[in-house]
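Peer 1: The residues making up each chain are set out below.
2 protein chains.
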Amino acid sequence: MSGSKNLPHVIIIGAGFGGLRAALSLKNAPVRVTVVDRNNYHLFQPLLYQVATAGISPEEIAYPMRAVLRSQKNAAFRLAEVLDVNLQEKRLHTDHGDLNYDYLILAAGGETNTFGIQSVAQNGFGLKSISDATAIRTQLLKMFELAVNETDPEKRRALLTFVVVGGGPTGVECAGAISELIRLVLSKDYPTFDLREARIILLEATQRLLPALSDDLATFTLGALKNKKVDVRLGAAVEGFDGENVHLKGGEQIASHTLIWAAGVRAAGLLQHIDIPKGSLGRALVQPTLQAKDHPEIFVIGDAALVENGAVSPYPMVAPVAMQQAVYAARNIVHLLKNETPEPFVYRDLGSMATIGRNQAVAMLNGVGFQGFPAWVIWLLVHIMQLIGFRNRLVVLINWAWDYFFYDRAVRLIQQSCDDR
Amino acid sequence: MSGSKNLPHVIIIGAGFGGLRAALSLKNAPVRVTVVDRNNYHLFQPLLYQVATAGISPEEIAYPMRAVLRSQKNAAFRLAEVLDVNLQEKRLHTDHGDLNYDYLILAAGGETNTFGIQSVAQNGFGLKSISDATAIRTQLLKMFELAVNETDPEKRRALLTFVVVGGGPTGVECAGAISELIRLVLSKDYPTFDLREARIILLEATQRLLPALSDDLATFTLGALKNKKVDVRLGAAVEGFDGENVHLKGGEQIASHTLIWAAGVRAAGLLQHIDIPKGSLGRALVQPTLQAKDHPEIFVIGDAALVENGAVSPYPMVAPVAMQQAVYAARNIVHLLKNETPEPFVYRDLGSMATIGRNQAVAMLNGVGFQGFPAWVIWLLVHIMQLIGFRNRLVVLINWAWDYFFYDRAVRLIQQSCDDR
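Protein chains in written order, with the numbering used here: chain A, 1 to 421; chain B, 1001 to 1421.
Looking at chain A on its own, in the form it has when it is part of the complex (with noise of 0.2 Å):
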C-alpha cells in the first residue's frame, strides 16, 4: 500500500448497492480507495421484509465490507459516519477523524420519508435498517403475545390490525410476507386464536399499486393479495399515527399499534450537510455525467443524486440506477485522470419485480411482464444470485426452503428493545 500513497484518493461514501459497485469498478483503476460507511456490512436491502417478517436472520443479509473489499489491494474501508463535507479543501469530516478526496463519491443512499408527518415518524416503523426490520419483527411477534392474553374483543382486535402504507414493491412483499406469517405459521403457535381477527390492511395513497409495472400485473398484485386476506385500499392517504389509531384522509380512523411506513424515501440526511444544489426529496442535482455542478471532482449516484438530463421523470430510486451509476462515475473517474471527457449516464431499466408470496410474484423484464409461478422463480433466481457470499446464499436457501415446505419461519425471535435492556 505504501507505494500507493501517492495515488489519487477515491473516497466512496456509502457501502450500499451503488458505493460497493463503484468500489469493485476501480479495483484496476490507479487510484486508492476508501470505503466509509456508519456500518461495517454491506447490506442487501430488498430481503429487509423478510427479516421483518422473521424469515432470516440479519447476518444472512448483512455483509461485512472488509471481507468484501479483502481481495480488493486498492481498496480500503473505514467505519465511520460522515459529519459534513468541507468542498473547498476536500476533506471529510467524520466521526473519527477528517479524510482528504480527490475524487469524491457520493452514495449515501436514501432514508425513510414520512413527507413531514411527524406523528408517524415517531410511532410508525421504517423499513430501510437492520433495526428498523428487527424492530417491525419484534412488535409483530409482541402483538400476538399481547392479544392471545387480550379479553376485549376490541382491543384484540386493534392489537391485531397490521397497517402497512404504500403500494411499491416494498409494501406490497411486506404485506404478503405478513399475511402469510399470520396464516401459516402463526396460525400453528397461538392454536386457540380465531386468525380471522388478524387483519392486514395495505394503504395506497394513489389509484393503483406498483407504478414501475404494468395495469395488467397491478390488478394481478391487487387479486393476490386480496387472496391472501389482505385489504388493500387505493385512495387511502394517511395524515397521522397516535400509536393507537391511523388517522386518514377523509377522517377514517383504523384502530391499530403497528403502522409499517413503505410510502416514500428521500436522498439520506448527510446531503442536507454538504453544500451542492438540491432537487426533489433532498437529492443532489448532478449533470449527466454524474458530477455535481462546480465539482467535478464530485460524483453523486444512486437514491441521493438527482440526474439533470431534461427527461420528464427522474431515475426511480431503486438499486439497478445506483449500481449502474456506480459504473459510469468510476469510469468517468478515470476519464478525468486521462484527461478526457466523462460520459453522460445512460441508465438501461432491466425491469421491475415484487413477490406477493409463495409461487407468487409480478416481474417486468425488458418490457415483458410475468406473473404467478414464473415471475416468482425468476424473484427468486435473481435475488439468491445477487447475495453477497457463498455461504449467505446458501443459508437463506435453506431457510427459503425449510419455510416453504414446511410453513414455518426460522426466526420468530422477540428482541428485548433498548428500553427492557
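Any given hint could turn out to be false.
With a cut-off of at most 25 Å between alpha-carbon atoms, the simulated DMTMM-like pairs for lysine to aspartate or glutamate come out as follows [unchecked claim]: (1) A:K128 <-> A:D349; (2) A:K188 <-> B:E1081; (3) A:K278 <-> A:E89; (4) A:K155 <-> B:D1098; (5) A:K155 <-> B:D1095; (6) A:K226 <-> A:E252; (7) A:K5 <-> B:E1197; (8) B:K1142 <-> A:D132; (9) A:K5 <-> B:D1152; (10) B:K1229 <-> B:D1216; (11) B:K1005 <-> A:D152; (12) B:K1090 <-> A:E145; (13) A:K73 <-> A:E297; (14) B:K1142 <-> A:E81; (15) B:K1142 <-> A:D95.
Anything over 12 Å on all C-beta distances counts as not near chain B; from chain A, calculated [what the hints assert, rightly or not]: (16) R196; (17) I201; (18) A237; (19) E244; (20) Q272; (21) I276; (22) G279; (23) P314; (24) P320; (25) R331; (26) N339; (27) T341; (28) V368; (29) V377; (30) I384.
Because the hints were derived from the structure by calculation, they are not lab data. Virtual Cβ for every residue (Gly too), placed ideally from N, Cα, C.
Assemble chain B onto chain A, guided by the hints.
Peer 2: Relative to the frame of chain A, chain B by itself:
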C-alpha cells in the same frame, strides 16, 4: 383444551434447559402445563460464546417456545416476566397479569454474579443472554475499527487488549474463540495490522483452570491456550474495572476497554422476591425431592436450587443438573397426584467438557478423560445433537464447516448500540 381446564395447573417459570425439559416430561401427565418466560425462545446457552465471537447468529441458538411446545397438547406458553409469587394463594404476579397454579416448578436459572464488584457489573460484559453476546461481538469488532485508526501505540495496545475473567468452561471457550477470531479471521480483515499487538488475557483467581476436570486436562488446556497466544494468569483476582483499566488484587493494572466476566453465576434475581429460604448464591434451599420447605407444591430446579442432601459440595450450576432435576420434578408431581411419596433426586454426573478451538477440546465422560481432536469431535457431536430444531442444527453446521475450512466467520456485524439509534 377446554376439557382439560379442570386438570391441576403446573406452572413452570423459565424456558431454559430445566424448564423446557420439565414441560416435555409432563407431556403425558394429567395436568395443564404453562411455561412462563420473559423471552419467547429457548436459548441454547452453551453456544452463546460463539455468537459473541461472530461464529453464528443469535437466531441459530434461540428457538421459539411456541414451536417447541406446539406438538404438546397439554402445554401452553406465556410471554411474561414474573414479578413475585403469592405462596399462600398460589398465584404468580407478572407484568402481563396474574396466574394461579396448583404446582410450581421454579426453573428461573442463574445470572451473572460479579460478587459485589459494582465497577465490573457496570463496565464489564456478562455472557448469559443474546443481548450480552451481541454486545460483546460489537465491542470486539469496534475495538479493531478504532485501533486501525489509532496512531498512539499505547492507546492502540489498550484497544487491542481483551480480558476474560474466569477459568471455567465459558472463560476458556471465550478466550480460545476470541484468539481464533483475531488470528484466523480479523488478521485478513486488517492486513495493515501487526496482530502481535492484540492480547487476550484470561484471569483466574484460583491456581488452576476447569475445576470440574482432571489436573491433566487442566494442564493440557493451559498449554493449548498458550499456543493460541492467550495469556493465562492463574491466581489473578480482579478488584475493579473502570472501562479503561482492569485493577487486580495486589495493585497491578491492565489497560483494556474490554472485560468479559465469566467468573460467577448466582440464582436469578426473581428468587429474592419469593419468600422461601435461600442458601448460598441466592439459591432456594430444597429437600432432596426438590420441594421447597413448607411448600411441597413448589419444586425448584437448576441454577435456582440448592439441594440439602447433606453432601459436602452442592451440585454444579450446569445444564445437565437442571435437565436431570426437571425429570425428577415432573415425576414427583405425578407421584403427589397419585398420593405417592416423591423420590429424592440422584445426580448422574455425565461429565464435563470445554472446547479450546479448532480441533482442540477437553472432555471428562464417566470418569474417562479425552483431549485434543477426539475430545473436540465429541464436543461437536454432543452440541450439534442437543441443538433444538433440525434446521438450526443444519445452519449451525454449515457455519461451523465454513469457518473450519475457510478460516472465516459468518457474522462480523457491528450492530448499532441503543445509544446510537
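Peer 1: Can we trust that A:V368 is non-interface, i.e. its beta-carbon lies farther than 12 Å from all of chain B?
Peer 2: Given that every Cβ of chain B is farther than 12 Å from that of A:V368, nearest at about 36 Å, it holds.
Peer 1: Within a Cα-Cα threshold of 25 Å, do A:K155 and B:D1095 meet the stated pairing?
Peer 2: Cα-Cα ~18 Å, so holds.
Peer 1: Taking the shortest Cβ-to-Cβ distance between A:R331 and chain B, state whether it exceeds 12 Å.
Peer 2: holds (27 Å)
Peer 1: Take the C-alpha atoms of B:K1090 and A:E145, compute the straight-line distance between them, and say whether it is at most 25 Å.
Peer 2: The hint holds at about 24 Å.
Peer 1: Taking the closest pair, is the beta carbon of A:N339 still more than 12 Å from chain B?
Peer 2: holds (32 Å)
Peer 1: Is A:K5 within 25 Å of B:E1197, Cα to Cα?
Peer 2: Given pair A:K5, B:E1197 holds - Cα atoms ~24 Å apart, limit 25 Å.
Peer 1: For the pair supplied as a hint, A:K5 and B:D1152, is the alpha-carbon distance within the 25 Å limit?
Peer 2: Since the Cα atoms of A:K5 and B:D1152 sit roughly 21 Å apart, the hinted pair holds (cutoff 25 Å).
Peer 1: Does the alpha-carbon distance linking A:K73 and A:E297 stay inside the 25 Å limit?
Peer 2: holds (23 Å)
Peer 1: Hinted pair, alpha-carbon criterion (25 Å max): A:K226, A:E252. Please report holds or violated.
Peer 2: holds (21 Å)
Peer 1: For A:K278 and A:E89, compute the direct alpha-carbon distance and say whether it is at most 25 Å.
Peer 2: holds (21 Å)
Peer 1: Closest CB-CB distance from A:I201 to chain B, is it above 12 Å?
Peer 2: About 25 Å separates A:I201 from the closest Cβ of chain B, which puts it past 12 Å; holds.
Peer 1: B:K1005 and A:D152 were given as a pair; does the straight-line alpha-carbon distance stay at or below 25 Å?
Peer 2: At roughly 21 Å apart (the allowed maximum being 25 Å), A:D152 and B:K1005 satisfy the hint.
No hint from the list above goes unmet by this structure.
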